[in-house]
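Colleague: Okay, here's what each chain looks like letter by letter:
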Amino acid sequence: MTTLLADLPFEPIMAVLAIPAVAALVLAVLPGYRLTARLNVLATLLTFLAALLLLEDRPTPGEYLFVDDLSIVFIVLGTFVGFTTSAFSASYIAHEFDIGRLTPGNLRFYHAMYQMLMFAMNLALLANNIGLMWVAIELATLTTVMMVGIYRTHEALEAAWKYFILGSVGIALALFGTILVYMAARPVIGEGHDAMVWTALVEQAKNFNPDLLNVAFIFLMLGYGTKVGLVPLHAWLPDAHAEGPTPISAILSGLLLNVAIYAVLRFKILLAANPEAIAPGPLMVTLGLLSLIYAGFMLYRRRDIKRFFAYSSIEHMGLITFAFGMGGPLANFAGLLHMTMHSLTKSAIFFAVGHIAQVKRTQKLSEISGLTESHPVLGWGLVLGVVAIAGLPPLGIFMSEFLIVTSTFAREPLLAVALVLGLLVALGALFLRLGQMAFGKPTGGVGRVEASYVPMFAHLALVLAAGIYLPAMLVAWFQNVARLLG
Amino acid sequence: MEHFTFDVAHLLAGLMVLVSFMLLYQDRMFGLLNVFALHAVVLSLSVAWQAYIQSAPHLYITAGIALVLKAIIIPVALRRVVVRLGIHRTIDTVGGIGPTILLGMGLVALSMVVMLRATAGADPLAREDLAFALSVVLLGLLMMVTRRNAVSQVVGFMSLENGLILAAAGAKGMPLVVEISVAFSVLVAFIVIGVFLFRIRERFDAVDIEALEEFRGERQ
Numbered sequence: 063m064t065t066l067l068a069d070l071p072f073e074p075i076m077a078v079l080a081i082p083a084v085a086a087l088v089l090a091v092l093p094g095y096r097l098t099a100r101l102n103v104l105a106t107l108l109t110f111l112a113a114l115l116l117l118e119d120r121p122t123p124g125e126y127l128f129v130d131d132l133s134i135v136f137i138v139l140g141t142f143v144g145f146t147t148s149a150f151s152a153s154y155i156a157h158e159f160d161i162g163r164l165t166p167g168n169l170r171f172y173h174a175m176y177q178m179l180m181f182a183m184n185l186a187l188l189a190n191n192i193g194l195m196w197v198a199i200e201l202a203t204l205t206t207v208m209m210v211g212i213y214r215t216h217e218a219l220e221a222a223w224k225y226f227i228l229g230s231v232g233i234a235l236a237l238f239g240t241i242l243v244y245m246a247a248r249p250v251i252g253e254g255h256d257a258m259v260w261t262a263l264v265e266q267a268k269n270f271n272p273d274l275l276n277v278a279f280i281f282l283m284l285g286y287g288t289k290v291g292l293v294p295l296h297a298w299l300p301d302a303h304a305e306g307p308t309p310i311s312a313i314l315s316g317l318l319l320n321v322a323i324y325a326v327l328r329f330k331i332l333l334a335a336n337p338e339a340i341a342p343g344p345l346m347v348t349l350g351l352l353s354l355i356y357a358g359f360m361l362y363r364r365r366d367i368k369r370f371f372a373y374s375s376i377e378h379m380g381l382i383t384f385a386f387g388m389g390g391p392l393a394n395f396a397g398l399l400h401m402t403m404h405s406l407t408k409s410a411i412f413f414a415v416g417h418i419a420q421v422k423r424t425q426k427l428s429e430i431s432g433l434t435e436s437h438p439v440l441g442w443g444l445v446l447g448v449v450a451i452a453g454l455p456p457l458g459i460f461m462s463e464f465l466i467v468t469s470t471f472a473r474e475p476l477l478a479v480a481l482v483l484g485l486l487v488a489l490g491a492l493f494l495r496l497g498q499m500a501f502g503k504p505t506g507g508v509g510r511v512e513a514s515y516v517p518m519f520a521h522l523a524l525v526l527a528a529g530i531y532l533p534a535m536l537v538a539w540f541q542n543v544a545r546l547l548g
Numbered sequence: 015m016e017h018f019t020f021d022v023a024h025l026l027a028g029l030m031v032l033v034s035f036m037l038l039y040q041d042r043m044f045g046l047l048n049v050f051a052l053h054a055v056v057l058s059l060s061v062a063w064q065a066y067i068q069s070a071p072h073l074y075i076t077a078g079i080a081l082v083l084k085a086i087i088i089p090v091a092l093r094r095v096v097v098r099l100g101i102h103r104t105i106d107t108v109g110g111i112g113p114t115i116l117l118g119m120g121l122v123a124l125s126m127v128v129m130l131r132a133t134a135g136a137d138p139l140a141r142e143d144l145a146f147a148l149s150v151v152l153l154g155l156l157m158m159v160t161r162r163n164a165v166s167q168v169v170g171f172m173s174l175e176n177g178l179i180l181a182a183a184g185a186k187g188m189p190l191v192v193e194i195s196v197a198f199s200v201l202v203a204f205i206v207i208g209v210f211l212f213r214i215r216e217r218f219d220a221v222d223i224e225a226l227e228e229f230r231g232e233r234q
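So the protein lines, in turn, are chains A and B. Per my numbering, residue 63 is the first one in the first sequence, and the count goes up by one each step. Per my numbering, residue 15 is the first one in the second sequence, and the count goes up by one each step.
Note that these hints are calculated values from the structure, not bench results. Owing to the predicted nature of the structure, the values given are computational and were not obtained by experimental measurement. We put the beta carbon where it would ideally sit given N, CA and C, even for glycine.
Distance windows between CB atoms, simulated:
#1 B:I86 <-> A:G94: 38 to 44 Å
#2 A:T348 <-> B:I115: 29 to 35 Å
#3 B:A123 <-> A:K268: 29 to 35 Å
#4 B:A123 <-> A:F501: 55 to 61 Å
#5 A:E265 <-> B:V127: 28 to 34 Å
#6 A:R96 <-> B:I115: 58 to 64 Å
#7 A:L546 <-> B:D21: 46 to 52 Å
#8 A:A480 <-> B:V108: 30 to 36 Å
#9 A:T348 <-> B:D21: 39 to 45 Å
Sequences are here, hints too, so could you generate the full structure?
Modeller: The structure is reproduced here in structure tokens:
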């Protein structure tokens, strides 16, 4: 196997970027949506395989690109969710086309943008340069804005506009933070390119001016935090999830929010390397806890199924930020595990929501009920997904939430009380709505589900398997990354 | 000579803060667009001056983009949008002009205190440039939250972005400045096209949840 790899004429790190970039160009010009949908799946599958190769064959850090233990977790997870979502999207989008919500031109645009988004996210994760990472995240924002607005309804345009403005302000603040990091690095590393390269920055961070780094981190945290969807900067997130096509909701929750978390984590490592700078933890803990509790209560007021699960994403992003903010090997490990489990579970839930919206022809929670009776497979799939996201055993999220709560109890009991309160509030809301949707008298459409169930159950099976048994290799891998995060 | 280069850089950056204040009190759409064009001209001069004193020719590209795109093309395009949408009369503001200006002065004082303290060791030219740039960024943010109308929000965003370009140009030897200013230009172009194509008149207020929920079936 390894000799075969050595003979191959390509570098996996380039393939992870080149495949989506080329696919975006090809899909932009090819007509015929059945073909392009399949090519889209093929391209994401190849990207995922190339990302797996990166596990084995890690290139030496270059000027612009590098792979390390932290980014590889995000890349493998991201390309996997990108692949399964494209498989879901192929059948979902075909149905949207059949019922006339999208035109052939829309579809071409959609598939090209899908690949552009994969390219931008992979670039952000692989960038060894804080400026390049910023540009990649901006590109990812732009492509998702366009996909959110694809239905061209008043609501969709409004959601896209709001996402655009808030996202732009977020990345503008992040750029200011990036410039400040450069200013801090310049006297130590010297002028020019090197003062923006990650590997050089982390090595020298202990000599940087701590005051400048502090101010920079505040801007970076607020800027990239907007993209994570942390309260009070979350206003774009529910609209963007609700009004765009469902595969994009899955991508946003399962992927894009993770990329933003990754950016925050990178700068956290940088600050942690400087002994005189402020500890970045408390800021992250505060924002995370605030998001968790706020979203938990807001869940009760939702009337739209996609907005409901979008608020659940805010809650979980808060929890992940909280865990990374607490720091230490155990909390970081739990945060990584939770992020992985949340990505898989939430995208599975959005796959289910897509099926539901298509058969019931509505997104209103009050008009959806009795799913387990009218569509047993779909209904029980949703039940399984919601049970998983609520954090009940034996599924994967139970384990990660358990680890976060116990490690917090050991260190900051008061914070743990607030944390558990937030989790319980959200649990109540999830089961209240699940009861209405899954059980009771069936209402609304009874049509057959046109799209494939495979991606949804594949994700849920992984989450179940992780809850019962985590492979020792995976545990060792995550522990290693957790140590790196400090 | 040393003093002279410093003073000119200082003058131009300070002028940008002043023009940002002028943006805050405009109550006519055309006036707003004219002042924004002035903002972009001052930015362009400021970046060109930085290019000259740092002997960094690539910054002239950034200055050129600022001049052509932001001082000419975008104001002209927005003027046509304004005429077409028929919104050239007045601008709805949240809160009065007076309190907004006072708040703006507070923000400038804040950015001076924060930046000058944080960069105590850095060279004076860069640190004062950075303090002015942060003032422009914060004033742009203030403008975005105090205007209800989409076009003036866009102008607020662009003035914020001018502040970022000022900061990037002032950070001596920073790589990717040109690339970043191009990336921002793409962003701004998208915003303007968005407003133009979709006739977005009102901003969709993040604070005003009431109006949004009514719309969205969030309320039964």
